[in-house]
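Listed in order, the protein sequences are those of chains Z and G.
Numbered according to the working numbering, the first sequence spans residues 1 to 129.
Numbered according to the working numbering, the second sequence spans residues 1 to 134.
Simulated from the structure, these hints should not be mistaken for lab results.
Hints are supplied without guarantee of correctness; some may be wrong.
Said to hold, decoys possible - Have a look at the derived ranges for each label pair, beta carbon to beta carbon:
(1) Z:L47 - G:P11: 51 to 61 Å
(2) Z:K97 - G:E105: 31 to 41 Å
(3) G:A108 - Z:E88: 28 to 38 Å
(4) Z:D51 - G:V97: 49 to 59 Å
(5) G:L132 - Z:S43: 11 to 21 Å
(6) Z:K121 - G:I20: 49 to 59 Å
(7) Z:K97 - G:I3: 42 to 52 Å
(8) G:A28 - Z:K121: 39 to 49 Å
(9) G:M98 - Z:E6: 25 to 35 Å
Glycine included, every Cβ here is placed at the ideal spot set by N, Cα and C.
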Amino acid sequence: MQRGTELGRVRGLGAARSGVGHWWMQKVTAAANLALLIWFVVSLLRLPGLDYVTVVLWARQPIVAVPLLLLTLSVAYHFRLGATVMLEDYIHREGTKVVAVTMLNFYVVAVASACAFAVLKLALGAPGA
Amino acid sequence: MAIVTVPRPRPRPLSPHLSIWRWRSPMAASIFHRVTGNAMGFGAFALFAWWLLAAASGAKAYATWSHVAHGPLGLIVGIGFTWTLFQHMASGVRHLVMDTGSNFEIHANRRSASATFVFSVLMTALVWALILAR
Numbered sequence: 001m002q003r004g005t006e007l008g009r010v011r012g013l014g015a016a017r018s019g020v021g022h023w024w025m026q027k028v029t030a031a032a033n034l035a036l037l038i039w040f041v042v043s044l045l046r047l048p049g050l051d052y053v054t055v056v057l058w059a060r061q062p063i064v065a066v067p068l069l070l071l072t073l074s075v076a077y078h079f080r081l082g083a084t085v086m087l088e089d090y091i092h093r094e095g096t097k098v099v100a101v102t103m104l105n106f107y108v109v110a111v112a113s114a115c116a117f118a119v120l121k122l123a124l125g126a127p128g129a
Numbered sequence: 001m002a003i004v005t006v007p008r009p010r011p012r013p014l015s016p017h018l019s020i021w022r023w024r025s026p027m028a029a030s031i032f033h034r035v036t037g038n039a040m041g042f043g044a045f046a047l048f049a050w051w052l053l054a055a056a057s058g059a060k061a062y063a064t065w066s067h068v069a070h071g072p073l074g075l076i077v078g079i080g081f082t083w084t085l086f087q088h089m090a091s092g093v094r095h096l097v098m099d100t101g102s103n104f105e106i107h108a109n110r111r112s113a114s115a116t117f118v119f120s121v122l123m124t125a126l127v128w129a130l131i132l133a134r
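Chain Z on its own, in the form it takes in the complex:
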């Protein structure tokens, strides 16, 4: 049996009051991704190759490690927002949707943490280690 008004029944079920925040952060991280990924592609193309010594010496510099960290965080946030909307669009069972979005969050945090750990280890680790 349906009770209450339509407004009353949808309250708390959707993006009410938080939808603009989601949209805005998608745009902010999009702008950051644009700048950081252009830097990333140009930087890699300027390296003589992607061999071990070249990459380690490159990634160790603060001017590289900091943008790599920012790139990781911005991409992770942007992807989390976009993929959440994708899952919400295509999964119609509420329970499955909650599980899928939770798994997505685990995945994003795990990959972002792995990237951040690797960047910090390269930048802060002992030379030659």
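Based on these hints, arrange chain G on the given structure of chain Z.
Same frame as chain Z, now just chain G:
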């Protein structure tokens, strides 16, 4: 006070309609925006982590990554994700422009959608020409 049940209005038409559509550049750009974004998040982002972890783990771990990356699979995946990056980047910038309220005039909108595909193919060709030339 009695709780009032508002009668449900007749079912509203769904949009976009699930069976009546045809390929046009704006809808192709929209679909590819979602497909490329999710492909990169689930694929390229994890490969990026593998690359960084391999570099952070030492020469031996990096050699494994390097072996795969410089093989035929690495070439296909590399070219593929280069294209998805530039396609998503171009349609993303197009979205940022449309967020300002411009580019909704139908012909300009279609042209800009087509331009995202031209841009992504040209940029992929340029990047891989530079990689393979060295």
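Outcome of the hint check:
1. Checked against the given bound of 51 to 61 Å, the beta carbons of L47 (chain Z) and P11 (chain G), roughly 58 Å apart, stay inside it.
2. Remark: the range hint 31 to 41 Å for K97 (chain Z) to E105 (chain G) is upheld by a beta-carbon distance near 37 Å.
3. For the pair A108 (chain G) and E88 (chain Z), the beta carbons lie near 31 Å from each other, so the given range of 28 to 38 Å is met.
4. A beta carbon spacing of about 40 Å between D51 (chain Z) and V97 (chain G) contradicts the range 49 to 59 Å that was offered as a hint.
5. Roughly 18 Å separates the CB atoms of L132 (chain G) and S43 (chain Z), a value that falls within the hinted 11 to 21 Å.
6. One distance hint, 49 to 59 Å for the beta-carbon pair K121 (chain Z) and I20 (chain G), holds here, with the actual separation near 54 Å.
7. At roughly 29 Å, the beta carbons of K97 (chain Z) and I3 (chain G) sit outside the given window of 42 to 52 Å.
8. In this structure, A28 (chain G) and K121 (chain Z) meet the distance hint of 39 to 49 Å, their C-beta atoms being roughly 42 Å apart.
9. Range check, M98 (chain G) to E6 (chain Z): Cβ separation about 31 Å, and the 25 to 35 Å hint holds.
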